[in-house]
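Visitor: With the hints as constraints, model all of the structure from the sequences given.
4 protein chains.
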Amino acid sequence: MVVVMRAGSTQDDVDRVVDAVTGVGGECFVSRGRHQTIVGLVGDLTQFAELPLHAFPGVEDVIRVSRPFKLVSNDAQPRPSTVTVGDAAISRDTVTLIAGPCAVETPEQTRRACELARDAGATILRGGAFKPRTSPYAFQGLGESGLEILREVSRDLGLPFVTEVVTPADVETVARSADMLQVGTRNMQNFQLLKEVGLAGRPVLLKRGMTATIEEWVMAAEYIAHTGNLQVVLCERGVRTFEPMTRNTLDVSAVPVAQSLTHLPIVIDPSHSGGKRDLVLPLIRAAIGVGADGVIVDVHPEPERALVDGPQALTAEDMAELRSTVTTFARAAGRRVATPATRGPVDRAGWGAAAD
Amino acid sequence: MVVVMRAGSTQDDVDRVVDAVTGVGGECFVSRGRHQTIVGLVGDLTQFAELPLHAFPGVEDVIRVSRPFKLVSNDAQPRPSTVTVGDAAISRDTVTLIAGPCAVETPEQTRRACELARDAGATILRGGAFKPRTSPYAFQGLGESGLEILREVSRDLGLPFVTEVVTPADVETVARSADMLQVGTRNMQNFQLLKEVGLAGRPVLLKRGMTATIEEWVMAAEYIAHTGNLQVVLCERGVRTFEPMTRNTLDVSAVPVAQSLTHLPIVIDPSHSGGKRDLVLPLIRAAIGVGADGVIVDVHPEPERALVDGPQALTAEDMAELRSTVTTFARAAGRRVATPATRGPVDRAGWGAAAD
Amino acid sequence: MVVVMRAGSTQDDVDRVVDAVTGVGGECFVSRGRHQTIVGLVGDLTQFAELPLHAFPGVEDVIRVSRPFKLVSNDAQPRPSTVTVGDAAISRDTVTLIAGPCAVETPEQTRRACELARDAGATILRGGAFKPRTSPYAFQGLGESGLEILREVSRDLGLPFVTEVVTPADVETVARSADMLQVGTRNMQNFQLLKEVGLAGRPVLLKRGMTATIEEWVMAAEYIAHTGNLQVVLCERGVRTFEPMTRNTLDVSAVPVAQSLTHLPIVIDPSHSGGKRDLVLPLIRAAIGVGADGVIVDVHPEPERALVDGPQALTAEDMAELRSTVTTFARAAGRRVATPATRGPVDRAGWGAAAD
Amino acid sequence: MVVVMRAGSTQDDVDRVVDAVTGVGGECFVSRGRHQTIVGLVGDLTQFAELPLHAFPGVEDVIRVSRPFKLVSNDAQPRPSTVTVGDAAISRDTVTLIAGPCAVETPEQTRRACELARDAGATILRGGAFKPRTSPYAFQGLGESGLEILREVSRDLGLPFVTEVVTPADVETVARSADMLQVGTRNMQNFQLLKEVGLAGRPVLLKRGMTATIEEWVMAAEYIAHTGNLQVVLCERGVRTFEPMTRNTLDVSAVPVAQSLTHLPIVIDPSHSGGKRDLVLPLIRAAIGVGADGVIVDVHPEPERALVDGPQALTAEDMAELRSTVTTFARAAGRRVATPATRGPVDRAGWGAAAD
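Residue numbers (this note's numbering), protein chains in the order written: chain A, 1189 to 1544; chain B, 1189 to 1544; chain C, 1189 to 1544; chain D, 1189 to 1544.
Just to be clear, a hint being listed does not mean it is correct.
Repeated chains share a single entry, so a pair holds when one copy, or any two copies, can fit it.
[Stated by the list, open to error] Capping the alpha-carbon separation at 16 Å, the derived lysine to aspartate or glutamate pairs in EDC-like fashion look like this:
id, residue 1, residue 2
1, Lys1258, Glu1403
2, Lys1383, Asp1358
3, Lys1258, Glu1404
4, Lys1464, Glu1248
5, Lys1464, Asp1249
6, Lys1464, Asp1506
7, Lys1383, Glu1360
8, Lys1258, Asp1275
9, Lys1383, Glu1248
10, Lys1464, Asp1263
11, Lys1383, Asp1344
12, Lys1464, Glu1303
Don't read these hints as lab results, they were simulated from the structure.
Guide: Next up, the structure:
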């Protein structure tokens, strides 16, 4: 950290900063210039982070120059990590397609959407049973019966699934059924939820808050990691800007930036950021181009009947193009498309126990 | 709602929209022009809100022109409402000062900060026992023992207090001690938490999400109101922008805009938006000027020792100016400064029951 | 400045930075820690500013810790400066009301709007003759004949006026008629225009770019000051955010922040930020509360017939409230309302010469 | 357009709207519901655009539902257009590489950077002679002597070049030398400059304002088109957001969105948005993936000595990867890499005349 002193600060002001820092075991280097005095702090950031140096007399600014995260940092583990979801793996070597319905509405719609996803090459299914909705009057998801539908479809198709959990009390229930837990954009800083999903014995898909900085997003992953669970996949899904023509602005730069900070895999959600079906395939190509480890895509057999986010779902007609797009661009990016390990139904016998 | 058809849309496309709307009990008016066809939807918004009209063939855009909220709307109740916190009231006639420490650190610090707050004219105390922190390595608050400290200080000073609750599982515990529950900026769309605080039998202070639109904020209040609890106070605390010199950008315009939409009282938090002590008093003057029903302010007896947000806390030296500022500007705004109903210790006998 | 070295940087990398800095006359202090090396640069910022240290091998980040502006800094001149516009003065002691029509449309509309402005207590008139419009199909202003109208009304009412200049080629013409030149929000970084208005011998009203940081805004003022013209007034007029209910988000915090950086006066434009008439008076109260040295307000005798920005103009009915609002809040803020020096027609004989 | 009436609006209020619209030749359809009345306006938008309907009594909101631009709209010309720059063409069929130094510093640096660009496959060179800089103390470019350097290098390499023009007075001079005129991000709404470059007889590269909406950007292109010059290429270069780790946030979604609105070609600038060399190649892959018609890239032979934006420039070592990246991803996107028409020196004989 660097402490910048005000123009009129005194020797006493500087001494007070130095004393506070050395008092918690840090070292200080004072650079005294004609115009300005700067105090460089060297040591472990967590020592100083709690010091209210900003409030010290004579201090103009405190600038952090090192990373506030540890476990998920690629300083700690330089090799990109692989996250395992059921039989499937998400890693830097491959491009993983995660697909399925935005919301589970009926058994038929879910099965049909997941079959389309599988046919397009998905190795992980997605589907929402608990939906966070901005209006209390909107469809809130089927809840546990939605989970049951997902579980059956997943078993029959032999593919694992990820689903969102919106509140700590549901974590245990969801973790018993799902292969991966999703933390949604509105919950990225729901710190209690982060802790609970961390402890649930399942890999986690952590969506970026729609107005979170990249550092805050990685810090949210650190919260999960801090519980001992390093099976975290980051998911960029667009940030809020002044542009009204897209629901959110997909921040593709976040992929290489986050990869320069953390060893965790990163996927992109092109469906929720654009909010329009016509944008999904172009954004998938951008995502793979920029280096994402996968994409997570909404599919709906009949978007006109969708209860949630119909306008952005890919349909049966789009599946062939989805498959060939992922294949072509993965190859251009020097990666393989991830493939299912086995095609047989997934055996979940041992897994439920882990979550209990 | 207005459905805008694409340039090349067909009569069939228009008919499909009309059929869907009339199928749920709405009425349609079709405006057919040379260049463009527009379908006006008249009726109750909640009828159409679930129709995925965006995904219908031939539809270019769907524009909502009526308000998605009901219970908190000033259509439903044109008179500004009064929210009662213990003996104190927050209303459009007065300016209420809510003050106290950002975080409860020790009994002494809390008592001293609250005494300062009372002396400056506060009728409601504030203090954080459960702190949402972006780093898992940061001080997370004292939890239940912090609540206990607040309860004692509140009883001794004879003033009610508001404190944040960060997760549904804590709502019952916090509601047993606190006079008002605060939902923080990161939890504004934690819908389960909104429901639980709504059901807790306590008034609620709902901070605006730092990147929430005014409409989303009012919809979050509707979530609480939907549980039957209309004792909600909105709190503007700054939004996230590109400006780095302030922590957040205080959106004072949100006060008259929200007042044109809802009957709920609105207060401003000048401490967390600016993030700097020097900004607090100017922003309080702006807040009262723009028409806020109160302000909520951080106070700390020794900011240099604060564990959380020291740089923005007002100190003992600021109290006289705080008091006179609130008084002078409330008068300029044609309002009274809210005063405590009684000075005796608060009797909480009946209240705990409500939360149990 | 502080140069932060990468984790794996070498002694050679550090030496290269030190050599470059000392080569241009600066001094370096190297703080070498276990985890991180920091190089503090002490000296005059303009020495280092051109060094591409970011591109040096081993450098992770370069952090500026001192101010990039000089002439407008309150380091250079601690006392708030006064800007003189004809007979009127804008200063930290008073609250100045600048008012008039958004656009000059007809002689009658301009005269009527300016009479309303004068009756409400304005000491400076405003009116647009050259209008920057986002559409080439929109009304672009009356140009020189608009200037002529303003000049006549100004002379008859005995009040100076400010008007916008949108391109360098018009500066001389506008400066010959106007008492103050306005640089609009879209031109805040039109650097050639800044230089030309600086050289025109007239005070300048510099609107903040709708997405400019406070530092960029003050740097734009430095551009003008750099031509030798320190008669600059900053004008906050709202920044672009994600909030759709207001045209822009008025950043009232910018006033105290800018006052902590510069000696220049700062006024607020409540008309263009909110974009709605109902917001104007509340935002004027906020502006005076937060410490602005004045406000600049749109007035229109018949907003229903306005060619530009009718919805936000105050009307004849609002004038009494405008006058009393400014008076009451100026008093609350401990300031006087600025008054015209003389009521007789303004003599421009000597001024035109300055601009020629 | 759609006019939404307030809850308590009267028949008179509605009539006044209808009269105003029919008075300028439009048609109205009134949809009267229990809760709300909506007036649909049908006709040519430019008829109504000047009506101050927002300021009419009883009007709550006015919503535009059709496009405000005409000449650049793909309604007017459905086929993507081709823009010709010297011998080179920018079109929807190919991927064009535009490259060269950010700023012209010396003849040697410019020549070397442009040779690197050519070797990587660039068909158009770039280089800045007039630089808009946020500080008056920063290097402002070499001006006319920089143009002369570019002209020589361009002639010797047989490739056309694009360069920025920052003020109307320079347009003629720059147009005499350059093959394409660039309007920079800070000048996107410098309307006088847009008109002048439109009239200069040269194709124009129009950068998106860093806080402009896509619609405002396309409207700025309409300004140029309105002068009779349809040889405009849009350039997305990142928008301003709250994210501090990148200079700006590259909005790749803007490419397919703009392509759905306009027939103009669209290129991406990955150098200025990211501001970091490590981001340039990933963002080029994203740009080609999302469907951009080209990319414009900074190249510098010695970034450590660059006077402007050194940290983001590609170097000699990056050229092989740049070439292969563009080739590989253009193929994946089903496009050819644009190639120079002829390799011989460009004959400018006839061109200068056009600009005179």
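Visitor: Indicate which option fits the pair Lys1464, Asp1506 if close means a Cα-Cα distance not exceeding 16 Å: within, between, both or neither.
Guide: within (13 Å within a copy, 36 Å between copies)
Visitor: Pop the pair Lys1383 and Glu1360 into one bin, within, between, both or neither, using alpha-carbon distances up to 16 Å.
Guide: For Lys1383 and Glu1360, only the intra-copy Cα distance (12 Å) is at most 16 Å; the inter-copy one is 20 Å.
Visitor: Within a copy, between copies, both or neither: which one fits Lys1258 and Glu1403 at a CA-CA cutoff of 16 Å?
Guide: Within one copy only: 12 Å inside a chain, 33 Å across chains, cut-off 16 Å.
Visitor: Can you tell me if Lys1383 and Asp1344 fall within 16 Å by alpha carbon in one copy, between copies, both or neither?
Guide: Cα proximity of Lys1383 and Asp1344: none, with 32 Å in one copy and 36 Å across.
Visitor: At most 16 Å between C-alpha atoms: does Lys1464 with Asp1249 qualify within a copy, between copies, both, or neither?
Guide: between (43 Å within a copy, 11 Å between copies)
Visitor: Check Lys1383 against Asp1358 for me: Cα-Cα at most 16 Å, and say if that holds within a copy, between copies, both or neither.
Guide: Close inside one copy (13 Å) and across copies (15 Å); limit 16 Å.
Visitor: Under a CA distance limit of 16 Å, which applies to Lys1258 and Glu1404: within one copy, between copies, both, or neither?
Guide: within (13 Å within a copy, 35 Å between copies)
Visitor: Quick one: Lys1383 to Glu1248, C-alpha cut-off 16 Å, is that within a copy, between copies, both, or neither?
Guide: neither (35 Å within a copy, 32 Å between copies)
Visitor: For Lys1464 and Glu1248, with the copy left unspecified, which applies at a CA distance of at most 16 Å: within, between, both, or neither?
Guide: So Lys1464 and Glu1248 pass the 16 Å test across copies only (11 Å; inside, 46 Å).
Visitor: Given a CA cutoff of 16 Å, do Lys1464 and Glu1303 count as a within-copy pair, a between-copy pair, both, or neither?
Guide: neither (22 Å within a copy, 42 Å between copies)
Visitor: Within a copy, between copies, both or neither: where do Lys1258 and Asp1275 come within 16 Å Cα-Cα?
Guide: neither (28 Å within a copy, 47 Å between copies)
Visitor: Please work out whether the CA atoms of Lys1464 and Asp1263 approach to 16 Å or closer within one copy, between two copies, in both situations, or in neither?
Guide: neither (38 Å within a copy, 20 Å between copies)
Going through the hint list in order, the structure does not satisfy hints 8, 9, 10, 11, 12.
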